[in-house]
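Trainee: Sequence:
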Amino acid sequence: MSVQDQAKHWAARVVGLIIVPVLVFMASFKIHFLVLNHSGPGDAQMSSLFQANLVGNDFSKNPLEVAYGSKITLKNMGWGGGLLHSHVQTYPVGSNQQQVTCYHYKDENNNWIVLPRWDQPEYNPNEELKYMQHGDIIRLQHVATTRNLHSHTVLAPVSKLNYEVSCYGNTTVGDIGDYWQVEVVDDIKRGAKADRIHSLTTRLRFRHQQLGCYLRAANAILPQWGFKQVEVSCDKENNPKDVHTYWNVESHWNDRLPAADVKFYRSPFLRDFWHLNVAMMTSNNALIPDPDKEDILASKPFDWPFLHLGLRMCGWGDNQIKYYLLGTPVIAWGGSVSLIVGLLSLGVYILRRQRKYIDMEPREWDHFLYVGKIAFLGWALHYCECVVLQVLEFAR
Numbered sequence: 001m002s003v004q005d006q007a008k009h010w011a012a013r014v015v016g017l018i019i020v021p022v023l024v025f026m027a028s029f030k031i032h033f034l035v036l037n038h039s040g041p042g043d044a045q046m047s048s049l050f051q052a053n054l055v056g057n058d059f060s061k062n063p064l065e066v067a068y069g070s071k072i073t074l075k076n077m078g079w080g081g082g083l084l085h086s087h088v089q090t091y092p093v094g095s096n097q098q099q100v101t102c103y104h105y106k107d108e109n110n111n112w113i114v115l116p117r118w119d120q121p122e123y124n125p126n127e128e129l130k131y132m133q134h135g136d137i138i139r140l141q142h143v144a145t146t147r148n149l150h151s152h153t154v155l156a157p158v159s160k161l162n163y164e165v166s167c168y169g170n171t172t173v174g175d176i177g178d179y180w181q182v183e184v185v186d187d188i189k190r191g192a193k194a195d196r197i198h199s200l201t202t203r204l205r206f207r208h209q210q211l212g213c214y215l216r217a218a219n220a221i222l223p224q225w226g227f228k229q230v231e232v233s234c235d236k237e238n239n240p241k242d243v244h245t246y247w248n249v250e251s252h253w254n255d256r257l258p259a260a261d262v263k264f265y266r267s268p269f270l271r272d273f274w275h276l277n278v279a280m281m282t283s284n285n286a287l288i289p290d291p292d293k294e295d296i297l298a299s300k301p302f303d304w305p306f307l308h309l310g311l312r313m314c315g316w317g318d319n320q321i322k323y324y325l326l327g328t329p330v331i332a333w334g335g336s337v338s339l340i341v342g343l344l345s346l347g348v349y350i351l352r353r354q355r356k357y358i359d360m361e362p363r364e365w366d367h368f369l370y371v372g373k374i375a376f377l378g379w380a381l382h383y384c385e386c387v388v389l390q391v392l393e394f395a396r
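As numbered in full-length UniProt numbering, the sequence shown has no gaps in its residue numbers, which increase by one up to the final residue, 396.
Hints listed in this document are in silico derivations from the structure and should not be mistaken for laboratory results. Incorrect hints may have been included.
Said to hold, decoys possible - List time: in silico SDA-like cross-link candidates among lysine to any residue, alpha-carbon distance up to 25 Å:
{"hint": "1", "residue 1": "130", "residue 2": "146"}
{"hint": "2", "residue 1": "71", "residue 2": "125"}
{"hint": "3", "residue 1": "189", "residue 2": "271"}
{"hint": "4", "residue 1": "228", "residue 2": "386"}
{"hint": "5", "residue 1": "71", "residue 2": "146"}
{"hint": "6", "residue 1": "228", "residue 2": "304"}
{"hint": "7", "residue 1": "106", "residue 2": "222"}
{"hint": "8", "residue 1": "61", "residue 2": "356"}
{"hint": "9", "residue 1": "228", "residue 2": "278"}
{"hint": "10", "residue 1": "373", "residue 2": "344"}
{"hint": "11", "residue 1": "8", "residue 2": "18"}
{"hint": "12", "residue 1": "160", "residue 2": "94"}
{"hint": "13", "residue 1": "193", "residue 2": "133"}
{"hint": "14", "residue 1": "71", "residue 2": "119"}
{"hint": "15", "residue 1": "61", "residue 2": "38"}
{"hint": "16", "residue 1": "373", "residue 2": "322"}
{"hint": "17", "residue 1": "106", "residue 2": "281"}
{"hint": "18", "residue 1": "160", "residue 2": "207"}
{"hint": "19", "residue 1": "61", "residue 2": "266"}
{"hint": "20", "residue 1": "61", "residue 2": "130"}
{"hint": "21", "residue 1": "236", "residue 2": "186"}
{"hint": "22", "residue 1": "189", "residue 2": "369"}
{"hint": "23", "residue 1": "106", "residue 2": "53"}
{"hint": "24", "residue 1": "61", "residue 2": "190"}
{"hint": "25", "residue 1": "322", "residue 2": "301"}
{"hint": "26", "residue 1": "71", "residue 2": "94"}
{"hint": "27", "residue 1": "322", "residue 2": "341"}
{"hint": "28", "residue 1": "61", "residue 2": "144"}
{"hint": "29", "residue 1": "30", "residue 2": "273"}
Let the sequences and hints guide you as you build the complete structure.
Mentor: In structure tokens form, the structure reads like this:
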């Protein structure tokens, strides 16, 4: 075969086996975004800009530029990142101060107020507005508990190389451990770095003024005392490209500022496509079985071939309809029996060929082996990955 013919074969296979399937896969997500375009409880898994374009979402009411006195939520921009969160529960280790986490659902405990430092004049809503800018040193006060976002030289409970982040003090009590310097990375819409912070589009980092570490939320999961939420720590490594130290203002409330023009909140499809796929993988990897808890809904891969166990899909209320998900017996049992029969047939044919019994011509034998290998490899790649995964499994 000539080099030119080989190139044509390679090109045809690349188009048919890679490009076309990828385009079909991406097109299914485009349809998904067009049809499922309403806001829901799981919105926070997606980027802020994606959420802003969902029907029923109120981000379009966000004032554009963030000012002192604004009430905000902060979204971590790592893939599948959550919202900066705190609650009244304290760390059982370390400082024993109020926990700070990342949470993937809308909640009143996600709200923070932008305030000046302790050594500056107290925020006065009757004075002229002052906008938060690159380089400002601010305090972030938790709305529900009035405590301040804080860090110190206590090690984080999970990421032992980082410092713990907590909430400390109140509206009148605090120290320099509450000071965070705002560093603008760039702006998704404006491109270049700008001094003023725009909600949803400006990418920020928060540097602790005293320790020099950066507010970070990656994929470290707190134990049950932290409700299995994502750990927030202060990273001592200054890696400017670490997206887990990037944040953006998501929700923004300030009665003294007008709502932004919705044209600022358009989200490109490729960014949404990539973000959703990473978010799905992150969510799936977070389904880690609890060894101290019996999960009656989970099953093992060995239960699936013969439908030994299904999946109850319903609520637990007495008045709710209850139903049970089970695979199609003809498909599941037929596929499992076919696999066994196919392997046994292969073994019999191999033994007979070794004894010089030729049941097939060479061409037929090659075709039999080729089809068998393709079918078995497809089954094995789909099934065996579930055997080695260390996450919760359900009937599929």
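Trainee: Looking at the structure, which of the earlier hints fail to hold?
Mentor: 6, 8, 16, 22, 26 and 27
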